[in-house]
Amino acid sequence: MRKSLRQHQHEPPMDVDPDPDPNPPLSESEFSFAVARLAVAQICQTVGFNGGAQSRALEALTDIATRYLRAIAKLGAASANSHGRTESNLPDIIVALEELASVQGFVGSSSLRSHSTLYTSSALIKDLMKFVRYREEIPLAQPLPTRSSIVFGGAKGKFWRCTSDGDSMNRWYNDGEKSRRHVPRWLPDVPVVVVVTEEGKEKGRDERERIWGCLDDREEEENRVCCWERVEKEEENKEIEMLGKRRKVRFKMGVGVAAALGDHNMGEGMVRNLNLNLRCGGGGIGKRVVVCNGGGGGSGDENESKG
Amino acid sequence: MNGQSSHQQQNDGRHDDDAALTDFLASLMDYTPTIPDELVEHYLAKSGFQCPDVRLTRLVAVATQKFIADVATDALHQCKARQSSIIKDKRDKQQKDKRLILTMEDLSKALGEYGVNVKHQEYYADSPSAGLDPASRDD
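Top to bottom, those sequences are chains Z and L.
Sequential numbering from 1 applies to the first sequence in our numbering.
Sequential numbering from 1001 applies to the second sequence in our numbering.
There may be inaccurate statements among the hints.
[What the hints assert, rightly or not] Computed list of lysine to any residue pairs in SDA-like fashion (alpha-carbon distance at most 20 Å, straight line):
| # | chain 1 | residue 1 | chain 2 | residue 2 |
| --- | --- | --- | --- | --- |
| 1 | L | Lys1066 | Z | Val47 |
| 2 | Z | Lys126 | L | Ala1026 |
| 3 | L | Lys1109 | L | Gln1078 |
| 4 | L | Lys1046 | Z | Ala123 |
| 5 | L | Lys1080 | L | Ile1101 |
| 6 | L | Lys1066 | Z | Ser122 |
| 7 | L | Lys1098 | L | Ser1084 |
| 8 | L | Lys1046 | Z | Arg85 |
| 9 | L | Lys1046 | Z | Ser79 |
| 10 | Z | Lys130 | Z | Leu100 |
| 11 | L | Lys1066 | L | Phe1024 |
| 12 | L | Lys1098 | L | Asp1074 |
| 13 | L | Lys1066 | Z | Gly48 |
| 14 | Z | Lys130 | L | Lys1066 |
| 15 | L | Lys1046 | Z | Tyr134 |
| 16 | L | Lys1046 | Z | Val183 |
| 17 | L | Lys1066 | L | Lys1098 |
| 18 | L | Lys1066 | Z | Phe33 |
| 19 | L | Lys1066 | Z | Ala101 |
| 20 | L | Lys1066 | Z | Pro91 |
| 21 | L | Lys1066 | L | Asp1037 |
| 22 | L | Lys1109 | Z | Gln45 |
| 23 | L | Lys1066 | L | Asp1030 |
| 24 | L | Lys1066 | L | Leu1076 |
| 25 | Z | Lys74 | Z | Pro184 |
| 26 | L | Lys1098 | L | Thr1073 |
| 27 | L | Lys1066 | Z | Tyr134 |
| 28 | L | Lys1098 | Z | Pro91 |
| 29 | L | Lys1066 | L | Ser1084 |
| 30 | L | Lys1066 | L | Thr1032 |
| 31 | L | Lys1080 | Z | Thr46 |
| 32 | L | Lys1046 | Z | Leu187 |
| 33 | Z | Lys130 | L | Thr1073 |
| 34 | L | Lys1066 | Z | Leu124 |
| 35 | L | Lys1080 | L | Leu1100 |
| 36 | L | Lys1046 | Z | Thr86 |
| 37 | L | Lys1066 | Z | Ala123 |
| 38 | Z | Lys126 | Z | Thr86 |
In short, the hints are calculated from the structure, not lab data.
Can you make the complete structure from the sequences, with help from the hints?
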């Protein structure tokens, strides 16, 4: 935290202007930071700062506010994940808040309570209740632009992606079709399955639409056969090329041969020889084998050329 | 007997707390925090927090708002204390310096109580490393 604050401080002095200039397209993070700065400025004003704020101080406080938000989110998500859930609930948030709260003493800290009532009788939550009850409610001064009216510079904006203007309980999930209601908004769309009718078949084939599951069996079979043929042809071509390029390599079966030659580069060949020996049960000692450009022939080839 | 009654009492207290918490969450539906829901959701979603319940989003918003308000209140006290100490010497300027401004100095003092170390810059420099002492320049 300290480091980034320092970075903020090194920025050249800005004009004290709480409103972001709407003319240049802001990036997503700049935009969210500007909105947060507005909110923080408003909180400061309600607390009693009637003369405004230094721009640096306001930025530092905004930075801390966003970090606080992210810290709550991270701790809450971690708590949910550790219980095997993806969605966080109230105890997760309370745990996160308790963890972030600095210990300054609180009402009721002297009275002993069992741990089972920790969540509901948390002093922190009681403080929050008091805050909500006694502090007057001050909504953000500026209405936020709707999702469609925001144009971000730089990367694609996803700021409003997980929020919707409509049903408040349905912010996180897709609305619309019943089959997609459980899918969170931030996931990419499921590929659309097009039902190919008899009339539309020709058209579909022309356009070379390859959509999952919309090819019927015959078509799929054709495709597969085509693929196999092509692969086989390619393989044949490759074999011809290889035959043209590589020469024959001779190996001698037997344990002592490679060692007797004293060539360390033949080590790999020796290992192969040993394997062959084992397979033959030792019956083929001294037998000469000609290996012509097999799968592993290349390495032997290299070895020979090196030596 | 005594143990049972204390257990009963504890249970009652717990039920009260539960009811209070439920009421509190219900009241958040009508409460509009200064930090807008969209902003909170944006930052929550950025950190992998997923929760469809708008009441919990507002709870986070209220908690953040309270934190910032607490810090700002502390800074305000610092500001007032500083002003009153200055004003004692110069009585004539009392009318002029009535405005309260959030400054880096007060803020850093207030944040220090919350475990955040902020050092405000004495002056601005052209290059990022110009004002640093050699020890901190290394890291």
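Going through the hints against the structure:
1. At most 20 Å may separate the alpha-carbon atoms for a hinted pair to count; L:Lys1066 and Z:Val47 meet this at roughly 11 Å.
2. Proximity of Z:Lys126 to L:Ala1026 is assessed by CA-CA distance (about 15 Å); at most 20 Å being required, the pair is judged to hold.
3. Of the pairs offered as hints, the one joining L:Lys1109 and L:Gln1078 holds, with about 8 Å between alpha carbons and a cut-off of 20 Å not exceeded.
4. Proposed proximity of L:Lys1046 and Z:Ala123 is contradicted: the alpha carbons are some 28 Å apart, above 20 Å.
5. The hinted pair formed by L:Lys1080 and L:Ile1101 meets the criterion: a straight-line CA distance of about 10 Å does not exceed 20 Å.
6. For the given pair, L:Lys1066 sits about 16 Å from Z:Ser122 by alpha-carbon distance, which is consistent with the 20 Å threshold.
7. Annotation: proposed proximity of L:Lys1098 to L:Ser1084 holds, straight-line Cα distance about 10 Å (limit 20 Å).
8. The hinted pair formed by L:Lys1046 and Z:Arg85 meets the criterion: a straight-line CA distance of about 18 Å does not exceed 20 Å.
9. Proposed proximity of L:Lys1046 and Z:Ser79 is supported: the alpha carbons are some 16 Å apart, at most 20 Å.
10. Annotation: proposed proximity of Z:Lys130 to Z:Leu100 holds, straight-line Cα distance about 19 Å (limit 20 Å).
11. The hinted pair formed by L:Lys1066 and L:Phe1024 meets the criterion: a straight-line CA distance of about 15 Å does not exceed 20 Å.
12. Using a Cα cut-off of 20 Å, the hinted pair L:Lys1098 and L:Asp1074 holds, with the two alpha carbons roughly 18 Å apart.
13. This hinted pair checks out: L:Lys1066 and Z:Gly48 have alpha carbons roughly 14 Å apart, not beyond 20 Å.
14. About 10 Å separates the Cα atoms of Z:Lys130 and L:Lys1066, which keeps this hinted pair within 20 Å; it holds.
15. Proximity of L:Lys1046 to Z:Tyr134 is assessed by CA-CA distance (about 31 Å); at most 20 Å being required, the pair is judged violated.
16. Among the hinted pairs, L:Lys1046 with Z:Val183 is consistent with the structure: their alpha-carbon atoms are about 17 Å apart, no more than 20 Å.
17. The straight-line distance between the Cα atoms of L:Lys1066 and L:Lys1098 is roughly 26 Å, outside the 20 Å bound, and the hint therefore fails.
18. For the hint linking L:Lys1066 to Z:Phe33, the alpha-carbon distance of about 19 Å falls within 20 Å, and the restraint holds.
19. Our distance criterion of 20 Å between C-alpha atoms is met by L:Lys1066 and Z:Ala101, whose separation comes to about 11 Å.
20. Straight-line distance between C-alpha atoms of L:Lys1066 and Z:Pro91 comes to about 19 Å, which keeps the hinted pair within the 20 Å bound.
21. Simply put, L:Lys1066 and L:Asp1037 have alpha-carbon atoms about 15 Å apart, close enough for the 20 Å limit, and the pair holds.
22. The hinted pair formed by L:Lys1109 and Z:Gln45 meets the criterion: a straight-line CA distance of about 19 Å does not exceed 20 Å.
23. Simply put, L:Lys1066 and L:Asp1030 have alpha-carbon atoms about 17 Å apart, close enough for the 20 Å limit, and the pair holds.
24. Taking the CA atoms of L:Lys1066 and L:Leu1076, the gap is about 15 Å. The hint holds against a cut of 20 Å.
25. Restraint check for Z:Lys74 and Z:Pro184: the C-alpha separation of about 18 Å stays at or below 20 Å, so the hint holds.
26. Straight-line distance between C-alpha atoms of L:Lys1098 and L:Thr1073 comes to about 17 Å, which keeps the hinted pair within the 20 Å bound.
27. For the given pair, L:Lys1066 sits about 12 Å from Z:Tyr134 by alpha-carbon distance, which is consistent with the 20 Å threshold.
28. Restraint check for L:Lys1098 and Z:Pro91: not satisfied, since their Cα atoms lie roughly 45 Å apart, outside the 20 Å limit.
29. Among the hinted pairs, L:Lys1066 with L:Ser1084 is inconsistent with the structure: their alpha-carbon atoms are about 26 Å apart, more than 20 Å.
30. Among the hinted pairs, L:Lys1066 with L:Thr1032 is consistent with the structure: their alpha-carbon atoms are about 13 Å apart, no more than 20 Å.
31. Proximity of L:Lys1080 to Z:Thr46 is assessed by CA-CA distance (about 16 Å); at most 20 Å being required, the pair is judged to hold.
32. With a C-alpha separation of about 13 Å, the suggested pair L:Lys1046 and Z:Leu187 falls inside the 20 Å cut-off, and the hint holds.
33. Taking the CA atoms of Z:Lys130 and L:Thr1073, the gap is about 16 Å. The hint holds against a cut of 20 Å.
34. Distance restraint check for L:Lys1066 and Z:Leu124: the Cα-Cα separation of roughly 11 Å lies within the 20 Å cut-off, and the hinted pair is therefore satisfied.
35. Between L:Lys1080 and L:Leu1100 the CA atoms are separated by roughly 8 Å; this keeps the pair inside 20 Å, and the hint holds.
36. Straight-line distance between C-alpha atoms of L:Lys1046 and Z:Thr86 comes to about 14 Å, which keeps the hinted pair within the 20 Å bound.
37. Taken as a hint, the L:Lys1066 and Z:Ala123 pair is honoured in the structure, with Cα atoms around 14 Å apart against an allowance of 20 Å.
38. About 27 Å separates the Cα atoms of Z:Lys126 and Z:Thr86, which puts this hinted pair outside 20 Å; it is violated.
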